[in-house]
Structures are given as C-alpha cells and as structure tokens.
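*Asks:* So you can see what is in the structure, the chains are spelled out below.
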Amino acid sequence: SQQGEEDPQALSIQEGENATMNCSYKTSINNLQWYRQNSGRGLVHLILIRSNEREKHSGRLRVTLDTSKKSSSLLITASRAADTASYFCATEAGGTSYGKLTFGQGTILTVHP
Amino acid sequence: GAVVSQHPSWVICKSGTSVKIECRSLDFQATTMFWYRQFPKQSLMLMATSNEGSKATYEQGVEKDKFLINHASLTLSTLTVTSAHPEDSSFYICSARAPGQGYQPQHFGDGTRLSIL
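Chains A and B, in that order, give the protein sequences. Under the working numbering, think of the first position of the first sequence as 903, with each following residue one higher. Under the working numbering, think of the first position of the second sequence as 456, with each following residue one higher.
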C-alpha cells in the first residue's frame, strides 16, 4: 500500500509555541488516526477522526480532516518539552482493509525547553 | 485500558538464527492482530494480518516463508523470522483492536528491536 506524506519531516520549536503537522493520503478512508512514538518505543494513540468529521479536539490537540483534499492536520497547542517525539498519521480504509493502517512518513517534533 | 504486550523488546543474534516474537493482548481477545516493520528513521509498514485459527494474510512483497505467523489463541500471535540475516534487522511492532469496538484505535505493543549480526 502507498504511504501518505507528512510535512514537515522535522519541526523544532520552543516550549509554549504551537506545532502544526500536516498529512496527505491517496485513497478513500473510513477514518484517520494520529499516533505518537517516542524514540525506540511503540505507538501511542492520540486521536481518531472519522471521514464524516471535519474537526476534533482532545486536550491540547486539534485535528482537522479535509476529505476533498485528502489531507489532515494535527495542531499541538502550548507545546511542552515532553511533547518531543515522532508523530504519524495513519489511515484506515474499511471494508476488507478493516484494521489495516497505512502510515504517513512521520514528523519529528523537537520542543526545546 | 486495553493493553498489548510484546516480547522480547530487544534481540541480538547471529545470522542464520530464527527469532520468535510474541504479541499478547492482555485484557481482551483479539481474533485479528497486525504485524508492522519499521526501519530506522522510517515509517511503519504493514507486513501481515494474523488471524486466529486460520492462515495469516501477507502484504505484497512480504515473504511468508521468511516471516512465519502463528495465531494459536485469541490472546497470542507470534512472528518468527526464519534464518534471519542482517537485512532483517528492524523494529517489529504488533497491534490489535479489542472486539466489538468498530472503527476504534489500535493498541500497539512496545515493539521488538531485532539486530542480526
């Protein structure tokens, strides 16, 4: 399966600033999910947005989805040093692809104290 | 909350060795589990879908004879990298979704870092 694109590939900001990461994908989806990965570790689910939703919030996270442009963005507000990690978007197509995730290339976020 | 446990977390072995990685769902039954591979500084690529009581389904380009998957119970799937070579060195991660949750997030294990010398 094709991988989606994420930009930027790397993002370096100061604590307190906002971080925005973008994700584009190629096929029709049932939902899009954002995950976080600390170095050398497994993935932690952040937020899931369904194809019929346009925006979703969870704490300091805001996710948007534009299915007409096949794109999504993740905004982390008031970033903290502990937010330093890699962030991946992943799409799920549904149907026979139920449960299968196609991941984007990821954005490496560094938050400086 | 639902937890997926993966073992071992790190393996270093000689070329030609077969390595078994376990993925367990700790507090739910998973009829389906997924295995991903991640090379350094790259994204995750789905390798195969592990189906309880039946054969695994492999993604295009993944050698089924190289990566043996056994899903013998509703809480355990194993991935065996047979006759591993240095090019098999990678980070392997499994995931599962608790049943009856529809399109809900996957639960991921902490991954296994495999280094073949």
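In short, the hints are calculated from the structure, not lab data. Predicted model only: the values in this text are computed from it and were never measured. One thing to keep in mind: the hints can contain errors.
[What the hints assert, rightly or not] Here are some, though not all, of the chain A residues that point toward chain B, as calculated from beta-carbon distances under 10 Å: (1) TYR937; (2) ARG943; (3) HIS947; (4) LEU963; (5) ARG964; (6) PHE990; (7) ALA992; (8) TYR1000; (9) LYS1002; (10) PHE1005; (11) GLY1006; (12) GLY1008.
[Said to hold, decoys possible] In silico DMTMM-like links for lysine to aspartate or glutamate, alpha-carbon gap of 25 Å or less: (13) A:LYS972 with B:GLU514; (14) A:LYS958 with B:GLU507; (15) B:LYS469 with B:ASP543; (16) B:LYS496 with A:GLU955; (17) B:LYS496 with A:ASP985; (18) A:LYS958 with B:GLU514; (19) B:LYS496 with A:ASP909; (20) A:LYS1002 with B:GLU518; (21) A:LYS972 with B:GLU518; (22) A:LYS928 with B:GLU514; (23) B:LYS521 with B:ASP482; (24) B:LYS475 with B:ASP543; (25) A:LYS1002 with B:ASP482; (26) A:LYS1002 with B:ASP543; (27) B:LYS496 with A:GLU907; (28) A:LYS1002 with A:GLU955; (29) A:LYS958 with B:GLU477; (30) B:LYS519 with B:ASP482; (31) A:LYS971 with B:ASP565.
Quick reminder that beta carbons are idealized off the backbone N, C-alpha and C, glycines included.
*Asks:* Taking the hints in turn, state whether each one holds.
*Replies:* Hints, verified against the model:
1. Interface restraint check: A:TYR937 against chain B, minimum CB-CB distance 8 Å, threshold 10 Å, status holds.
2. The beta carbon of A:ARG943 comes within 6 Å of a beta carbon in chain B, closer than 10 Å, and the hint placing it at the interface holds.
3. Taking 10 Å as the C-beta contact cut-off toward chain B, the hint placing A:HIS947 at the interface holds, the least distance being around 4 Å.
4. The beta carbon of A:LEU963 comes no nearer than 13 Å to any beta carbon in chain B, farther than 10 Å, and the hint placing it at the interface is violated.
5. Interface restraint check: A:ARG964 against chain B, minimum CB-CB distance 17 Å, threshold 10 Å, status violated.
6. Among the interface hints, the one on A:PHE990 holds; its C-beta lies about 6 Å from the nearest C-beta in chain B, closer than the 10 Å criterion.
7. Interface hint at A:ALA992: satisfied, since its Cβ lies 8 Å from the closest Cβ of chain B, which is below the 10 Å cut-off.
8. Because the beta carbon of A:TYR1000 sits about 8 Å from the nearest beta carbon in chain B, less than 10 Å, this interface hint is met.
9. Of the supplied interface hints, the one on A:LYS1002 holds, with its beta-carbon coming within about 6 Å of a beta-carbon of chain B, less than 10 Å.
10. Checking A:PHE1005 against chain B by beta carbon gives a least distance of about 5 Å; that is within 10 Å, so the hint holds.
11. Hint on A:GLY1006 holds. Least Cβ distance to chain B is approximately 6 Å, under the 10 Å limit.
12. Interface hint status for A:GLY1008: upheld, as the beta-carbon distance to the closest one in chain B is roughly 5 Å, under 10 Å.
13. For the hint linking A:LYS972 to B:GLU514, the alpha-carbon distance of about 23 Å falls within 25 Å, and the restraint holds.
14. Using a Cα cut-off of 25 Å, the hinted pair A:LYS958 and B:GLU507 is violated, with the two alpha carbons roughly 34 Å apart.
15. Proposed proximity of B:LYS469 and B:ASP543 is supported: the alpha carbons are some 12 Å apart, at most 25 Å.
16. Among the hinted pairs, B:LYS496 with A:GLU955 is inconsistent with the structure: their alpha-carbon atoms are about 31 Å apart, more than 25 Å.
17. Our distance criterion of 25 Å between C-alpha atoms is met by B:LYS496 and A:ASP985, whose separation comes to about 18 Å.
18. As the CA atoms of A:LYS958 and B:GLU514 are separated by approximately 31 Å, the hinted pair breaks the 25 Å bound.
19. The suggested pairing of B:LYS496 with A:ASP909 holds, with an alpha-carbon distance near 15 Å, which does not exceed 25 Å.
20. Taking the CA atoms of A:LYS1002 and B:GLU518, the gap is near 18 Å; set against the 25 Å cutoff, the hint holds.
21. A distance of roughly 31 Å separates the Cα atoms of A:LYS972 and B:GLU518; the hinted pair therefore is violated under the 25 Å criterion.
22. Between the alpha carbons of A:LYS928 and B:GLU514 the distance comes to roughly 18 Å, so the proposed pair stays at or under 25 Å and holds.
23. Restraint check for B:LYS521 and B:ASP482: the C-alpha separation of about 30 Å exceeds 25 Å, so the hint is violated.
24. With a C-alpha separation of about 13 Å, the suggested pairing of B:LYS475 with B:ASP543 holds against the 25 Å cut-off.
25. Distance restraint check for A:LYS1002 and B:ASP482: the Cα-Cα separation of roughly 21 Å lies within the 25 Å cut-off, and the hinted pair is therefore satisfied.
26. Using a Cα cut-off of 25 Å, the hinted pair A:LYS1002 and B:ASP543 holds, with the two alpha carbons roughly 22 Å apart.
27. Proposed proximity of B:LYS496 and A:GLU907 is supported: the alpha carbons are some 14 Å apart, at most 25 Å.
28. With a C-alpha separation of about 20 Å, the suggested pairing of A:LYS1002 with A:GLU955 holds against the 25 Å cut-off.
29. Proposed proximity of A:LYS958 and B:GLU477 is contradicted: the alpha carbons are some 35 Å apart, above 25 Å.
30. Between B:LYS519 and B:ASP482 the CA atoms are separated by roughly 29 Å; this puts the pair beyond 25 Å, and the hint is violated.
31. The straight-line distance between the Cα atoms of A:LYS971 and B:ASP565 is roughly 33 Å, outside the 25 Å bound, and the hint therefore fails.
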